[in-house]
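Enquirer: Fit chain D to the supplied structure of chain X, relying on the hints for placement.
The primary structure of each chain is shown beneath.
2 protein chains.
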Amino acid sequence: MVAASSRCEIEDYKSWMFGLNASRPQLLHMMIRIRDVKAALRFYVDGLGMRLLGRFEVEARRVTAIFVGFEVGSTAVELAHYWDKKEPYSHGSSYSHLAVGVPELDVALARLVDVGAEVTIRPTILVAGMPRVAFVKDPDGYMVQLIQTRNG
Amino acid sequence: MVAASSRCEIEDYKSWMFGLNASRPQLLHMMIRIRDVKAALRFYVDGLGMRLLGRFEVEARRVTAIFVGFEVGSTAVELAHYWDKKEPYSHGSSYSHLAVGVPELDVALARLVDVGAEVTIRPTILVAGMPRVAFVKDPDGYMVQLIQTRNG
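Quick mapping for you: the protein sequence lines, in order, are chains X and D. In this text, residue positions in the first sequence follow my numbering: the first is 1, and each later residue adds one. In this text, residue positions in the second sequence follow my numbering: the first is 1, and each later residue adds one.
Next comes chain X alone, as it looks inside the complex (with noise of 0.2 Å):
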């Protein structure tokens, strides 16, 4: 147990992060590492749209933790930023991708480019039947999958 030198910059954080007193279980985040706080918020907050929900500064742990979501309540992104850490995470071949829902796909697209995201997968429909898709990588190279949520 560390000492409690964590500061959130949202108070009611514990209502949705922790899920607190929920009854029963949800999917409450999935946390990945990153390198460049500023350059992740560019691509989740500026470029996909996610909203900034909290952030700590875990000092005796030396790491930044960062909350990012759609919405309040539902399930977030943690970044996590060790303070320490100068060479890139490497990826294995066993996590894939988050996949977001959006109304638009070239409208979340363009917005991904203009905040410098690499494209590698051009919107396409990848299985017939299914909507139109594209990928994009974020700034430590964690590929976000676009998912056409509209169909008129």
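One should not assume that every hint holds.
Since the list gives no way to pick out one identical chain from another, each pair is judged satisfied if it fits inside one copy or across any two copies.
What the hints assert, rightly or not - With a Cα cut of at most 30 Å, we get these calculated BS3-like pairs of lysine-lysine:
#, residue 1, residue 2
1, K38, K85
2, K137, K86
3, K85, K137
4, K86, K38
Keep in mind that the hints were calculated from the coordinates and are not lab data.
Expert: Frame of chain X; chain D shown alone:
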């Protein structure tokens, strides 16, 4: 674009899996690659208590895509089983874990242990003022954090 050889056991899968006609962006799912479908379902469904939401066999890609989650409409986990993959997938240093909020940490952990899950961190408070947590490993080596969501 591959042939329309996919099959899904849930008829209205599009309503949740692709966020059909949703007007706002949302986190639909995160995908991980697995080697043993039975072992993965034992962990995520029997152990963690998720529901089997949908299952596709995409013959043209020689992959089975299984969606599990706590509720229809909330963020799901896609378990992708590539039929020809024999060796274990490698875990890099980048992706960290899924965090699942559970009302009763000890009950949830016992259920996972019952299905053979490996406990890597026993229930503890890692950061003062934060809830009790524990970590388990799924059959493919992915880490899952359990977070106690009920206080009293």
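Enquirer: Pop the pair K85 and K137 into one bin, within, between, both or neither, using alpha-carbon distances up to 30 Å.
Expert: For K85 and K137, both the intra-copy (20 Å) and inter-copy (24 Å) Cα distances are at most 30 Å.
Enquirer: Taking 30 Å as the upper bound on the Cα-Cα distance, should K86 and K38 be classified as within, between, both, or neither?
Expert: Answer is within; shortest intra-copy Cα gap is 15 Å, inter-copy 39 Å.
Enquirer: Treating 30 Å as the Cα threshold, decide for K38 and K85: within, between, both or neither.
Expert: Classified as within: same-chain Cα gap 15 Å, cross-chain 37 Å, threshold 30 Å.
Enquirer: Given identical chains, is K137 near K86, meaning Cα to Cα at most 30 Å, within a copy, between copies, both, or neither?
Expert: both (20 Å within a copy, 27 Å between copies)
Going through the hint list in order, the structure satisfies each hint without exception.
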